[in-house]
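From first to last, the protein sequence lines stand for chains A, B, C, D, E and F.
So the first sequence is residues 1 to 327, counted in the numbering used here.
So the second sequence is residues 1 to 327, counted in the numbering used here.
So the third sequence is residues 1 to 327, counted in the numbering used here.
So the fourth sequence is residues 1 to 327, counted in the numbering used here.
So the fifth sequence is residues 1 to 327, counted in the numbering used here.
So the sixth sequence is residues 1 to 327, counted in the numbering used here.
Heads up, some of the hints might be wrong.
What the hints assert, rightly or not - Straight-line C-alpha distance at most 20 angstroms; calculated EDC-like pairs for lysine to aspartate or glutamate: (1) 25/F - 140/B; (2) 238/A - 235/F; (3) 7/B - 235/F; (4) 178/F - 181/E; (5) 7/D - 8/B; (6) 236/B - 140/B; (7) 92/D - 23/D; (8) 52/E - 26/E; (9) 52/A - 26/A; (10) 248/E - 263/D; (11) 155/F - 307/B.
Calculated directly from the structure, the hints in this document are not laboratory data.
Being a predicted model, the structure only gives us computed values, none of them experimental.
Protein chains: 6
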Amino acid sequence: MSKQYVKDLKVGTRVQAQFVVADVKELSFSAPSKSGEYFIKLVLGDISGTIKGIIWDRSMVTEPIRPDDVLLVSGEVNDYYGPQLVINYYQKIERNNINRYHFQPSCERDPREMWCSLLRLTSSDVSDPHLNKLLQQIFDDQLLVESFMMAPAGKTIHHNYLGGLLEHTLEVVDVCRKLTELHPAKFNKPLLITGAILHDLGKVEEYDLDSFTFQQTDSGRLLGHISIGVGMVREKIKQVADFPADLKLALEHMILSHHGEKEWGSPEVPQTLEAFALFHADLLSARMKQFLQVMDQNNENEANWSDWDRFLGRRVFTGFTNEENDK
Amino acid sequence: MSKQYVKDLKVGTRVQAQFVVADVKELSFSAPSKSGEYFIKLVLGDISGTIKGIIWDRSMVTEPIRPDDVLLVSGEVNDYYGPQLVINYYQKIERNNINRYHFQPSCERDPREMWCSLLRLTSSDVSDPHLNKLLQQIFDDQLLVESFMMAPAGKTIHHNYLGGLLEHTLEVVDVCRKLTELHPAKFNKPLLITGAILHDLGKVEEYDLDSFTFQQTDSGRLLGHISIGVGMVREKIKQVADFPADLKLALEHMILSHHGEKEWGSPEVPQTLEAFALFHADLLSARMKQFLQVMDQNNENEANWSDWDRFLGRRVFTGFTNEENDK
Amino acid sequence: MSKQYVKDLKVGTRVQAQFVVADVKELSFSAPSKSGEYFIKLVLGDISGTIKGIIWDRSMVTEPIRPDDVLLVSGEVNDYYGPQLVINYYQKIERNNINRYHFQPSCERDPREMWCSLLRLTSSDVSDPHLNKLLQQIFDDQLLVESFMMAPAGKTIHHNYLGGLLEHTLEVVDVCRKLTELHPAKFNKPLLITGAILHDLGKVEEYDLDSFTFQQTDSGRLLGHISIGVGMVREKIKQVADFPADLKLALEHMILSHHGEKEWGSPEVPQTLEAFALFHADLLSARMKQFLQVMDQNNENEANWSDWDRFLGRRVFTGFTNEENDK
Amino acid sequence: MSKQYVKDLKVGTRVQAQFVVADVKELSFSAPSKSGEYFIKLVLGDISGTIKGIIWDRSMVTEPIRPDDVLLVSGEVNDYYGPQLVINYYQKIERNNINRYHFQPSCERDPREMWCSLLRLTSSDVSDPHLNKLLQQIFDDQLLVESFMMAPAGKTIHHNYLGGLLEHTLEVVDVCRKLTELHPAKFNKPLLITGAILHDLGKVEEYDLDSFTFQQTDSGRLLGHISIGVGMVREKIKQVADFPADLKLALEHMILSHHGEKEWGSPEVPQTLEAFALFHADLLSARMKQFLQVMDQNNENEANWSDWDRFLGRRVFTGFTNEENDK
Amino acid sequence: MSKQYVKDLKVGTRVQAQFVVADVKELSFSAPSKSGEYFIKLVLGDISGTIKGIIWDRSMVTEPIRPDDVLLVSGEVNDYYGPQLVINYYQKIERNNINRYHFQPSCERDPREMWCSLLRLTSSDVSDPHLNKLLQQIFDDQLLVESFMMAPAGKTIHHNYLGGLLEHTLEVVDVCRKLTELHPAKFNKPLLITGAILHDLGKVEEYDLDSFTFQQTDSGRLLGHISIGVGMVREKIKQVADFPADLKLALEHMILSHHGEKEWGSPEVPQTLEAFALFHADLLSARMKQFLQVMDQNNENEANWSDWDRFLGRRVFTGFTNEENDK
Amino acid sequence: MSKQYVKDLKVGTRVQAQFVVADVKELSFSAPSKSGEYFIKLVLGDISGTIKGIIWDRSMVTEPIRPDDVLLVSGEVNDYYGPQLVINYYQKIERNNINRYHFQPSCERDPREMWCSLLRLTSSDVSDPHLNKLLQQIFDDQLLVESFMMAPAGKTIHHNYLGGLLEHTLEVVDVCRKLTELHPAKFNKPLLITGAILHDLGKVEEYDLDSFTFQQTDSGRLLGHISIGVGMVREKIKQVADFPADLKLALEHMILSHHGEKEWGSPEVPQTLEAFALFHADLLSARMKQFLQVMDQNNENEANWSDWDRFLGRRVFTGFTNEENDK
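Taking the hints into account, I'd like the entire structure generated from these sequences.
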């Protein structure tokens, strides 16, 4: 059965579909006749939008409803200062019976295809035996790989969708390879590529991958993906025999400094060529995607100028490119 | 005859060689016996360094010596609080009899070979007829082309040598092409490549190409290469029949905004995809070269850490890369 | 017939008047009985305020209604979560049959009287023949003069009304003349006054003078009035025989640098006395007007303190001045 | 007898002239034969420059020599790594026998003439009786008036010479009057002019007027002229019967806020029209003078570009104005 | 009779209680039948929250109702887009018959007990006779003492409740004493403690202590508590015979500079040890309380993370501390 | 034998003493008669200053002299543009035969006594069994403890001497304890004290403790003490059975965020009460010591004002405190 999407719900529509809970509140009735009684007000959502939901009969709720639960809901849409879905019946859906793609945006490219690209690059570009073994350790960690393929690269600004981390990682690797072409014989290429692959590894623990809204985990907020990632790589390096201390230091420095400036969250600025290159490649990938995502949102509006984007600090003009690409 | 370089001059060396005048002062003798008499104190230089020069006999100087003059000098090095070259005879060398490579650093790559690359890229990537004609107008301007091949891309920070502008331009074009591969079908590629080729065109007038120290011209300082460049492109566009107004606006915007932020000298920030991409490609080329130049200077010192570089705001570590590249 | 103003419309009022369209949306009815049908929701305005407008019968709309259209509207005000004007009939008014003063704020001073002042100042202060001829070229361009007399000097912050550009220009000229009195024999006065007259010339193309809300044009946003203005002056200078290169450079530098700092949009900072003076005169005129406009808005509230003004970054106290001026 | 100036001293010159002590050090002889013995090394100066001075015979010094002492010195200039004045005899000059104009730069305008201008303005513009009496209190304080006429307006940046405070104050008053012309009926003119006259009053205590180098006093550094000035005005106001509380608050606010921004040393930003106008008038006077002083220094060099001025944050171009003013 | 609190009012509740007026507006009826008639819309509040209040019958209002008035109100709560209290009768309560603790938050500690602590510290730590007499002058000023005990230390950010100034002052004194322990023999302890006691004295005039919302007074906004406080201390010092000038300067500097940086409102930065210590002690007390107040607000929500706090610039995590303190 | 100090060396002094090598260069003779021959120029130092040293006879140098070597030197001081020590004989001193206190400044307090204080505080304040065991792990690591007792807390700004880290740590612990007194029942005290003890642990690896000039190590520069410290604590935690994950996260967050702001090198800002308190306690200790060290340097000059201190951004006034403490 195909999914009923929020954007298609109108006053009078009968509903039977899965929605994720974005917010939940227990409220007391304001009418004195119901004094002391309560009802439940929800915000329900899917990938197409959100709608208010109401459970008048609190006794239906036998175990607490929490944000991020997915509910199968039956009911009908009526109008009270806008449409609201009055719920007759609902049931919680188990986590592994959920089709995440109904609730979360995802990368256009297929994760498996992207993963293969990554493996190919590793075997061709990372000739150093210790770095190669380190990557092998990571690629053999099945749980970690699955997270890597699913994780977003951000919560709000760029590559903020399922598979975004992997897509972003591939872009960064690609730009790094271009830099080794522009300046041949200057780079330790295996080191640069390994750093590019691992630079955002901590993001698999920064975001709660079970959540449908890419919530940051407590450790994500308190430590940040940079410190988490350095810790993860340190543990993996221990499993590689005779990993050179210098190489370890060089790699840790790259991950640590890849935000480029202290005010952007790197405790030290890049001080080696590979770290400096990685920072700029990361910036290029992130910023270009950020701009493209603002353009894509705007293309739906058919206007020449996007709304003000507070992350880019500007409005974006799409008046030229549309017509040029039509040719 | 091979050139005698400043770095090889010792106390006692007899000298006959060309040097460029870096500084010139007329000083009165402090001894009362020579009260009212004057001598000339010069700073003379070539690509290898600078040395003090003295002309005791002011009557030798029949027409004023100015900074940036190249002199053929005869004399001997003696010691007065350090080595100084006492000049017996000199003669001004005419501008077109000078081998600039004795006095100015230059790009490792051959300008002619780089220019051919640029022409190749233009014909393959700039399919749009109006943009193509515009570039043709510029490439047919022999004087402009010669300046473009010789100009530096900067005075102090990056690509600051003969041919630097051309080398930098090629790097920017190359990164822009990579971006069109990363995001196919998003870019107006002919526009992006044309903007990349022309973004720093104004630098041919920002620097006094006749000077040996890449002095900025008055208009370079008062207008800046961005405004100069926009003006040059406007004039060239007039010579292309029916150049579309939209394309003109898009191209002017790219040149105007390619410094990316107002505080970096762009009166407007990039608001189109091509302008945004150009800014980031320019940044990448400039910053990587800046880092590499600091590394190269340091490699001569054989230390693991460079001196503090005030433009990068850091010291640079070269301890790893050296050994890695030895393999 | 005198105009009915928005501020006077109450529930029950019958309306027949011209309003400008500030916003327009086509919405679907939420009631299932009208499923698939649409109505039009407008925001209508004039100089006194805005009101919601509704066209229930979409078939009335034979050609699209767009923002900035002026409509002659018949209908009645009713109440639906606040007053709304239900429209029975409307008709688009042609652009040249519109009285702009019903829809846009305007300068207190008469444009023609201000223009005469400007001409007087030019003939008395701009004694240099080339500068004088340049101004003549501009004053003889009838279209340009009309735009200059009508344009605002800003969209939101200061002199943001019809005739604002001219009023602001006169203030800047006046302060510049005061500076020549304070420091006699220091200034090139003809240059300073010419720069003052032309510094914001680009604003006639930065704002869409046909719009009732001083919308920026595409080129206004992508190039900014500084670059537009420099381009306009360059073209006009070509029409003056033997215009000295130095004078051209000096004038271009003044226009280019009159925002004073790079982060305020000037690609170069003022480096000549006249450019430096122009920047400070411009600042003084703009900032004083900005403060006075906040005070004027507040005087209507009869409170001692204005609301927080985000452009000034403060609240403004009017408790003293009112009483002092009463005397 | 005319003064011998430092700039005219050469090796061999016999000297008998007054100099101010800029620095003084007691040094031990490094030669072992004089082990345990000491000599005195001075820096001596006047308005034309500084020279090293030596007293070999320490027994000549019967009471300590301190910076800012003026000495009548006899001796001869010899050469030891540059010229030095070997002193045979000296005597301290009493403070009131010194011609300050030999040692300190001073305003071009005559202080007495400037003071008359100020009195004239006060009687014409400050019609309010309380403000008028307040100014009278200040003008009747003979000691204060003398300091006001002599004090500089700054130590290094602008109006940094004898009489500079008075000159600057007159300029600020003049610009304020221009503002009342531009915006008639908006200002409380007596308040604005009084505030302009008193805004920098605290500077008479910020600088040690007895010093030849405009040293800041301890209270000048620890409190600043703004807080000192507010305190001085508060005391004077007490001596005016029935001075209105509102007027006192308005005036204190103007002095307190006249630096315009917290980071420039005003504990509150200007929040009234008169305070806002005063800030901008002060800025205009200070900045224009700052620019003109850099130009004047440069005119001595006969170059088109000044050296980098760290206070202005730029080099200044004088290539145009010179030739223009020649006409 | 116990107070009825806003948080307990529901639709249908009959009300008779005191509320403070937070806002008042006179509105015209929108129905044409009541054209030309007006009603009064209030916002009423107490320490527990706010509610809308309506007076339909304007004739009840015989003298104007103003913000900050306290009214005894009779009426009933009904529902119109949320609960509103329809008022049948009201009467203004005189200022000194009001229990402020019903309307304003207050410090947990008893003001009298805190005041005793302050007196104790003064007698033990302020051994210097002049400083001791100065404090005595202040403590003997009964009106001032009462204000000191009641005033808040801030409007929104920290210690923003009745008694907050005194609580904050005690914390600052306490930290200063700790610093004298850490660095014995470095501090002038009597000076440090006196400065700590008096540093925020100006706040008793910065806030309108009669208001229930800690409104700033006009002089509070135009002068700030720093300048007010310096003025108050200057006046009190005059009443102490032979108060040393140095000590006066040292104390004024401490008050003036205790915000630490110019951009935080201190016209001079701390330049003495005691001023520097006071600044840091003040910062520590203010910042810790600010953090604790955000935590306390969050503890009511039972969530692990607080909302974004714009003053702290972060969300605050309370997940750990709760459980740790349970033990 | 007592040490001969650099500050006591005069022209003619015969020298036999240990000095540390601050700099070493091999130079060619400039005289043509010695063409192709080399001599060694050193900078030698101890805690009292530095002096130039010369080894004319290069053959004396059988193994390379490097910075930070300590040499026993015989020779005599002569004069060549200032004093220089001509070396007849030297011998390298082994690392463990060196009295570091001749070459490096050290804390006034005895390290052993300070260590005992730390142990005492731990046993009284860190009641939590896991934290207690963690500290035990660290205190049992003999090598680590020795480094902790010797390390400085900084290179240039504060506590930059032997034992500085320990002294600073104790101050931070002390301020943290004061905070728990000010806000009883709010803190997890064992966590706060443990974090205070460990917050700068990484500094034992940030500085090369073998160096006499507190050089940063490569990892100190590339990773920083924050990341190093987090890694060290992570390793130690592994050795404590069942260390709670929450406690680990809380502690890591404290170390990571203790610089308080991203631009000061903390990748995340403090988000828990204990982390926030630690940051402010650290700041207080560091800043007070920084100020006191500037004062101490100045006390040697006997002036009222220190030189400009670029780290504090001000000059420091010591005019008051000296006299006050004399009493």
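Against the structure, the hints come out as follows:
1. 25/F - 140/B: violated, 55 angstroms
2. 238/A - 235/F: Judged against 20 angstroms, a Cα distance of about 12 angstroms means the pair holds.
3. 7/B - 235/F: violated, 54 angstroms
4. 178/F - 181/E: Judged against 20 angstroms, a Cα distance of about 11 angstroms means the pair holds.
5. 7/D - 8/B: Given that 20 angstroms is the threshold and the Cα spacing comes to 39 angstroms, the pair is violated.
6. 236/B - 140/B: holds, 11 angstroms
7. 92/D - 23/D: Since the Cα atoms of residue 92/D and residue 23/D sit roughly 15 angstroms apart, the hinted pair holds (cutoff 20 angstroms).
8. 52/E - 26/E: holds, 13 angstroms
9. 52/A - 26/A: holds, 13 angstroms
10. 248/E - 263/D: violated, 26 angstroms
11. 155/F - 307/B: It holds: about 17 angstroms lies between the C-alpha atoms, which stays within 20 angstroms.
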